[in-house]
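J.: Work the whole structure out from these sequences, hints included.
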Amino acid sequence: MFFITAFTIWFLIHLYLGLRLIPPLELKKPMRWLLWAVTLTLFLLVPITASLRTIYPVPTFYNALFWTSFIAAGYILLVFPLMAAKDLACLLSKSFSALKSRFKNQGVGHPPRNPGRRYFLSNALNLGVIGVSGILSGVAMNNARALPSIKEVDVPIAGLKESLDGFRIAHITDTHISQSIHRSFMQG
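Residue numbers (my numbering): 38 to 225.
What the hints contain is simulated information worked out from the structure, not anything from laboratory work.
Treat the hints with caution; some may be incorrect.
[Stated by the list, open to error] Quick list of simulated restraints, FRET-style, between CB atoms:
{"#": "1", "residue 1": "Ile46", "residue 2": "Asn151", "range": "33 to 39 Å"}
{"#": "2", "residue 1": "Phe39", "residue 2": "Ala207", "range": "51 to 57 Å"}
{"#": "3", "residue 1": "Ile46", "residue 2": "Ser186", "range": "33 to 39 Å"}
{"#": "4", "residue 1": "Leu158", "residue 2": "Met68", "range": "19 to 25 Å"}
{"#": "5", "residue 1": "Ile194", "residue 2": "Ser159", "range": "57 to 63 Å"}
{"#": "6", "residue 1": "Phe157", "residue 2": "Val190", "range": "51 to 57 Å"}
{"#": "7", "residue 1": "Leu89", "residue 2": "Ile194", "range": "43 to 49 Å"}
{"#": "8", "residue 1": "Thr78", "residue 2": "Ser159", "range": "50 to 56 Å"}
{"#": "9", "residue 1": "Arg155", "residue 2": "Phe39", "range": "30 to 36 Å"}
{"#": "10", "residue 1": "Tyr99", "residue 2": "Leu136", "range": "50 to 56 Å"}
{"#": "11", "residue 1": "Ala126", "residue 2": "Glu63", "range": "35 to 41 Å"}
{"#": "12", "residue 1": "Tyr53", "residue 2": "Ala101", "range": "16 to 22 Å"}
{"#": "13", "residue 1": "Pro84", "residue 2": "Met178", "range": "18 to 24 Å"}
{"#": "14", "residue 1": "Tyr99", "residue 2": "Met178", "range": "16 to 22 Å"}
Cβ atoms here follow ideal geometry from the backbone N, Cα and C, with glycine treated the same way.
T.: Laid out in structure tokens, this is it:
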């Protein structure tokens with residue numbers, strides 16, 4: 038049930054992003070189909086990668102597929118909230134403008150709306166979301182692959198048994214040993 042729920046949410050995220058990014062471009066049909074195929078491929082990367090992990094021995098191309106899936110999923114999970122924030126801001130702006138025009142003379146004196154300008158601004162904002170997400174993905178990958186900093190902290194504990202004196206505790210946060218971070222990286 039978990040996987041059905043997770044993949045349904047994953048599908049809905051991709052559908053939302055596809056609907057918000059592809060139609061405003063007003064491209065010819067073959068190019069739109071290509072972009073939808075890319076969107077479908079990005080959606081399928083995670084389930085395919087998860088399914089291949091259950092096969093033993095793991096296929097030789099698995100690491101390359103894992104990295105592609107890992108980076109694409111991170112990118113999508115950055116694009117989604119930024120696009121949702123952009124859409125929410127646009128919705129609030131439209132609502133505020135509609136309320137404002139109701140209290141004024143029903144829009145008398147406002148310049149006519151320019152569809153070309155709206156088209157340009159919509160696509161510029163979408164491009165901004167995609168670009169910022171790309172930059173944030175690069176920063177995230179750099180941070181994820183950086184050597185973790187090690188801090189030694191002494192915590193005096195009153196009444197500690199003598200047998201535990203000098204005992205060390207390693208507290209590792211947000212470091213996951215997996216396909217992306219191997220044993221050799223952690224020992225380095």
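J.: For each hint, tell me whether it holds in the structure or not.
T.: Hints, one by one, checked against the model:
1. Ile46 <-> Asn151: 33 to 39 Å: Roughly 37 Å apart at Cβ, these two residues keep to the hinted range, so it holds.
2. Phe39 <-> Ala207: 51 to 57 Å: violated, 31 Å
3. Ile46 <-> Ser186: 33 to 39 Å: Roughly 34 Å apart at Cβ, these two residues keep to the hinted range, so it holds.
4. Leu158 <-> Met68: 19 to 25 Å: Given about 21 Å between the Cβ atoms, the range holds.
5. Ile194 <-> Ser159: 57 to 63 Å: holds, 59 Å
6. Phe157 <-> Val190: 51 to 57 Å: holds, 54 Å
7. Leu89 <-> Ile194: 43 to 49 Å: For Ile194 against Leu89, whose Cβ atoms are near 47 Å apart, the range 43 to 49 Å holds.
8. Thr78 <-> Ser159: 50 to 56 Å: violated, 25 Å
9. Arg155 <-> Phe39: 30 to 36 Å: Roughly 41 Å apart at Cβ, these two residues miss the hinted range, so it is violated.
10. Tyr99 <-> Leu136: 50 to 56 Å: holds, 54 Å
11. Ala126 <-> Glu63: 35 to 41 Å: Taking Cβ atoms as reference, Ala126 and Glu63 lie about 22 Å apart, which means the hint is violated.
12. Tyr53 <-> Ala101: 16 to 22 Å: With a Cβ separation near 28 Å, Tyr53 and Ala101 fall outside 16 to 22 Å, so the hint is violated.
13. Pro84 <-> Met178: 18 to 24 Å: Given range 18 to 24 Å: holds, Cβ gap about 22 Å.
14. Tyr99 <-> Met178: 16 to 22 Å: holds, 19 Å
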